[in-house]
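Q: Okay, here's what each chain looks like letter by letter:
There are 2 protein chains.
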Amino acid sequence: MKTIIELGESAKAAERILATTTTQQRNDALKAIANVLVEDCDEIVKANSLDLKYGRENGLSEALLDRLKLDEKRIHGIAKSVLDVIKLPDPLGRVLSEKQLDNGLKIKKVSVPVGVIAVIFEARPNVTADSAALCIKSGNAVILRGGKEAINSNKAIVASMRRALAEASLPEDCIGLVEDTTRDSARGLMCLNGYVDVLIPRGGKGLIESVVKNATVPVIETGAGTCHTYVDKCADTDMAAEIILNAKAQRPSVCNACECMLIHKDIADEALPKIAEKLIAANVEIRGDEKVCTLVKEAKKACEDDWGKEYNDYIIAARVVEDIDEAIEYIYRHGTMHSECIVTGNKTTAEYFLNNVDAAAVYVNASTRFTDGGEFGLGAEIGISTQKLHARGPIGLNELTSMKYLIYGEGQIRG
Amino acid sequence: MKTIIELGESAKAAERILATTTTQQRNDALKAIANVLVEDCDEIVKANSLDLKYGRENGLSEALLDRLKLDEKRIHGIAKSVLDVIKLPDPLGRVLSEKQLDNGLKIKKVSVPVGVIAVIFEARPNVTADSAALCIKSGNAVILRGGKEAINSNKAIVASMRRALAEASLPEDCIGLVEDTTRDSARGLMCLNGYVDVLIPRGGKGLIESVVKNATVPVIETGAGTCHTYVDKCADTDMAAEIILNAKAQRPSVCNACECMLIHKDIADEALPKIAEKLIAANVEIRGDEKVCTLVKEAKKACEDDWGKEYNDYIIAARVVEDIDEAIEYIYRHGTMHSECIVTGNKTTAEYFLNNVDAAAVYVNASTRFTDGGEFGLGAEIGISTQKLHARGPIGLNELTSMKYLIYGEGQIRG
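Line by line, the protein sequences give chains A and B.
Position one of the first sequence corresponds to residue 702 (this note's numbering), numbered consecutively onward.
Position one of the second sequence corresponds to residue 702 (this note's numbering), numbered consecutively onward.
What you were told as hints is all true, and nothing was included just to trick you.
Note that identical chains are pooled: a pair holds if it fits in a single copy or bridges any two copies.
Below 35 angstroms or equal to it, Euclidean Cα-Cα: the simulated DSBU-like pairs (lysine-lysine) are: (1) K966 to K934; (2) K788 to K1048; (3) K1048 to K800; (4) K810 to K914; (5) K1010 to K809; (6) K934 to K809; (7) K810 to K1048; (8) K975 to K800; (9) K966 to K713; (10) K906 to K807; (11) K800 to K788; (12) K1002 to K934; (13) K807 to K966; (14) K781 to K810; (15) K807 to K1048; (16) K781 to K807; (17) K975 to K810; (18) K800 to K934; (19) K966 to K809; (20) K781 to K747; (21) K810 to K934; (22) K732 to K754; (23) K966 to K810; (24) K713 to K810.
What the hints contain is simulated information worked out from the structure, not anything from laboratory work.
Assemble the whole structure, with the sequences as input and the hints as a guide.
A: Structure representation (structure tokens):
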């Protein structure tokens, strides 16, 4: 088993070769990966069944076991996702700016790979292949560190992918796996300065916080999403009800789901019962402030912990606010700068909300569930950045690149 | 004296107001700052004389005392730099992409301020006003933490700038100063998550390393520059000599100065004596490997420490290499990904170097001294990023912005 530093060294060496490959070479490697995953389907399912067995023995919930499970259909799905990445435009070699200075120097800014990307993730083994495909396409080597629950599946998937890289004449170390799933290995990866150019954590709040606290390598924070929908006094209340229902209940476990609705006091009497009816019919529990509980008899009284909470469940917090400024202030205090929405028919109010709410995605009259690389037309994504540097919102292929300046001279010196 | 957290809170509150100001409002504030700095010239010089007195008592070198010194002429220069920032285009509100999806959603990606920028710097008080001006222009609040050597100067300059902000009807907390110059205050700032959106260290290697190791807030690494010039076998040796002389000796103390030259073995006999003659005439000491010492009798024998060293002085390391691959490998091992140059008349060789050297700026036939926001036409810069995320190379106004997605719907929900 390689040490973390050995993994870093071999990824760095592989990345230097990968960085200068053509689009065709990288796409060929992705094709080989998709093929080999399908070829190796039986072995992968077999390895996965070990993880499922240990998972059951260790009392993993049915929901987690389901996320962990791989069968032929899912592996074909994973292979298909890898093939989809081939169709996306090459993010490398884009000319980001170009100019000629008065002294004759030509300066070109072009996109290049970031280098070595480390991904720490939890139980879902599909993340292994998805992340690797996006990294290879963007010319980056990747070091994967999954959870112990999926270690056998991850080993099998990575072994297949590395074999495919070799078949496609690329260094197999373009994809590395941390086989040690102790906390030490995660900490080691977080501090692998000089080898890891960026670390992307994919997982729950605990993981993200640990990475932010402990990492000395650059990090792109992802994930945590406490999203709000504000229903303005000029809202179409039927539209508001549809949007909130969708944002909450279409898939409550994800980061772009709505966790709290804020209703303008002037429209609360009309809007709240209408919204509540739809939510309750979809088995959503409402936890409201006093006014909400007065208007919706099924609502439970919210406690302090409910404000700013990411439920990831069929629960929504609800509050009546005095005006848009109170809504914005509340979002500032309790949001995670992920996705925020206003429902309003008033354009000026909409612009005010767009300008004053600081989040990766700010919506007028649409469900926050659209914050997604696929939906935004970026193709696949490796996560949703909730930080403000480098990438914000869905992290697609372009966000996995850096840049460099190329300067062409004829002997120019500085005076 | 405000605590670090209080500074963070007040900067955050100020930033929210600053973020929604118009170009005119921010430019007016810069004008006010320039005016007040000139008005307050006497007080600033007086405060600075205290720093100079303590500096002399504490044995600061003449070079450092000179960097610390402010007089009327220098303060007018600082004010002029602030006025120059007014002329630069507003980096906020740029539409970075725009599209309409099939479902009718309109998605616009626009540039917004990063938020609160912390700058930790050392003895030069001009950095105080320069950094503040760039931050204000780009809609960011700034928390400045300078060295203890300049604390009286910094207090005076910041007091003037805050008064100017108030005169221009902007919150004075858009510019904050950490008055506590102990190590604790720097550490506090490095871990001010939730308040500081990015920390930019400006200073020597020790400062940068401390920030990378200790910061939990996002960081843009700057500065350290061990730059190389490779003279290819197809080089014009006169051009090579001029470029290396300029890159080394025009201003040796800066990060884009050349610290090491690598000479192809086939051209060493002709090139090295020619280059050495110019360098020696400019009082540059050459520390070479064996071959260099054979060809240049004035060269000293380099020791292991000389390879990869940032001298910031009239000293240059020199090596003869077998071929371009050895040069690239050497740069990979010893460079800091700042600025690297090849001198060659062969276009294919030039492209090979450009593609295979990973640095913020890669040059063909020009002095590395051009890596600079002003020279690149970005206007002023707050530093040179040597990391690969967010900003690489000169950090100008655009690099001090983040982005957000604005999404305009008519009730769209996700299916």
